[in-house]
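If you're matching them up, the sequences are chains A and B in order.
All letters in the first sequence, in the order written, are residues 1 to 251 by the numbering used here.
All letters in the second sequence, in the order written, are residues 1001 to 1257 by the numbering used here.
It is possible that some hints are incorrect.
Unchecked claim - Capping the alpha-carbon separation at 16 Å, the derived lysine to aspartate or glutamate pairs in EDC-like fashion look like this:
| no. | chain 1 | residue 1 | chain 2 | residue 2 |
| --- | --- | --- | --- | --- |
| 1 | B | 1239 | B | 1219 |
| 2 | A | 250 | B | 1018 |
| 3 | A | 250 | B | 1073 |
These are computed hints drawn from the structure, not numbers from a lab.
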Amino acid sequence: MTGLVWLCKRETLRVSKLWTQTVLAPVISSILFILVFGLSLGGRIRQVSDVDYEVFIVPGLITMGMVQAAYANNASSIFQARFDRYIHDVLSAPMRPWQVTLGYTVGGIFRALAIGASLLVLSLVLVDVPVERPFALVAAVGLGLVLFSALGVVVGIYAETWDHTTFIANIVILPLSFVGGVFYSIDVLPAPWEELSHFNPIFYLVQGVRFGFLGESDVSIWLSLGVTAALALPVYGWSQWLFTTGRRLKA
Amino acid sequence: MFRDAPALRLRGLTKRYDDGTVALQDFDLEIPSGAFFGLLGPNGAGKTTLISAVCNLIRVTSGELRVFGEPHDSVTARSWVGLAEQDINLDRFLNVRETLVYHGGYFGMGREEAERRAEEMIEAFGLQGKRDTRAPRLSGGQRRRLLLARALMHRPRLVILDEPTASVDFELRQELWRYIRALHAEGTTILLTTHYLEEAEELCEEIALIRDGHLIARDSAEGLRDHFGVDRLTDVYVKAMASAASTRLGRVRPDRL
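Bound-form chain A, shown alone (with noise of 0.2 Å):
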């Protein structure tokens, strides 16, 4: 268990380093979401499911930074170590492969929940959003973040290159956080445009947040906790699976 805790601890101590990148950027940026669609729509858009905007977008707002720091955090670690070999130390070293795997998920996990801590902090001074269901708030925090850890895990060792990394986090990630309710609940939206979003895996993960945070939302908490649950595990197997047989990563 030693090299698992050092590995936690080198992944934690990378997000720590690099704090000004990994934590402050990402959460200057969603307060500036808060602030600038929040406060100023919020005088056009009162209220939305009987809850203020400026509160209303909250709960997807710290979703999607998170989501997106635990994503590309492991991506880029994990392509970084390949790149420039020092993954070798860890894969020569007498751990086992569960222990490698979520030695390198806890990095993203980390520096999400620090984002996510300090987004919360924040939203409670400047729109005093509330936690109502802080168990749901925790379990569907934490099955969103084994999913896009683990799938940063699977693209960090899969890519070939920089660009491949950043073409998931900005085609894929990105705009299914944007159009994942976020920003509005589905409800307001016309056909097919309601129904193509239950196709959205962020949704439901916004969904299941906003569900903690406010007591409501679009769909059930345990749809949201369900479909999350069915995405995180076999993309988490995955990594799994790659750091056991070593595919992509040994010849």
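Once you've looked at the hints, dock chain B against the given chain A.
Relative to the frame of chain A, chain B by itself:
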């Protein structure tokens, strides 16, 4: 088991890469515990593939690898091996002290032990002034020393050095030789690959010549010179490689030498 088992035993080791290249073919090798063993061969001979296989950095196609009697991929065997690769592969986010401490941690050392050992290695390799400097800011010689210090950090029983003196100046080469000799004198088994024949002759008790994934000769430097009827190891190398290249399989029977 540890006392009697060879430091490294390879049986029928074959590695075929995804593009079809066969880097090692049915390769057998046994290195006694406590030996200073040199592996010589041209680029593409299979030296780095062999080392990577032992250190679990490639997927082996077939064959058996044992380190001091344990399967090479077992947690125990891994903890006994220290590797300094040919290319500098240091973690760019860690400074010198952290590089050593984290390596120790990956290999099962507790914080106090790792901190203490890291200070020993920093002193032994003359890196005191660079303790808090990150790897990319070190000079080439300092990186090479750190690479070797990292390989020795967890007190491995088998140290594998893949061309440790490639592209280093004369002074540093002499310095590294001193470290390696001292290490061997303490009973550590050393597997060294090098292109420098004088280095192999100077350091190694036994030398194996490999080409195209096959072992073509193995003996002490003196034994090899006698076998080939020449005065210098350079001539042994040239003759052995030429003979191997001239055969269809690129192979000379070691027992016929």
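These are the hints, each one checked on the structure:
In summary, the hint linking residue 1239 of chain B to residue 1219 of chain B is supported, as the alpha carbons are separated by about 15 Å, within the 16 Å threshold. Annotation: proposed proximity of residue 250 of chain A to residue 1018 of chain B holds, straight-line Cα distance about 11 Å (limit 16 Å). Between residue 250 of chain A and residue 1073 of chain B the alpha-carbon distance is near 13 Å, which keeps this suggested pair within the 16 Å criterion.
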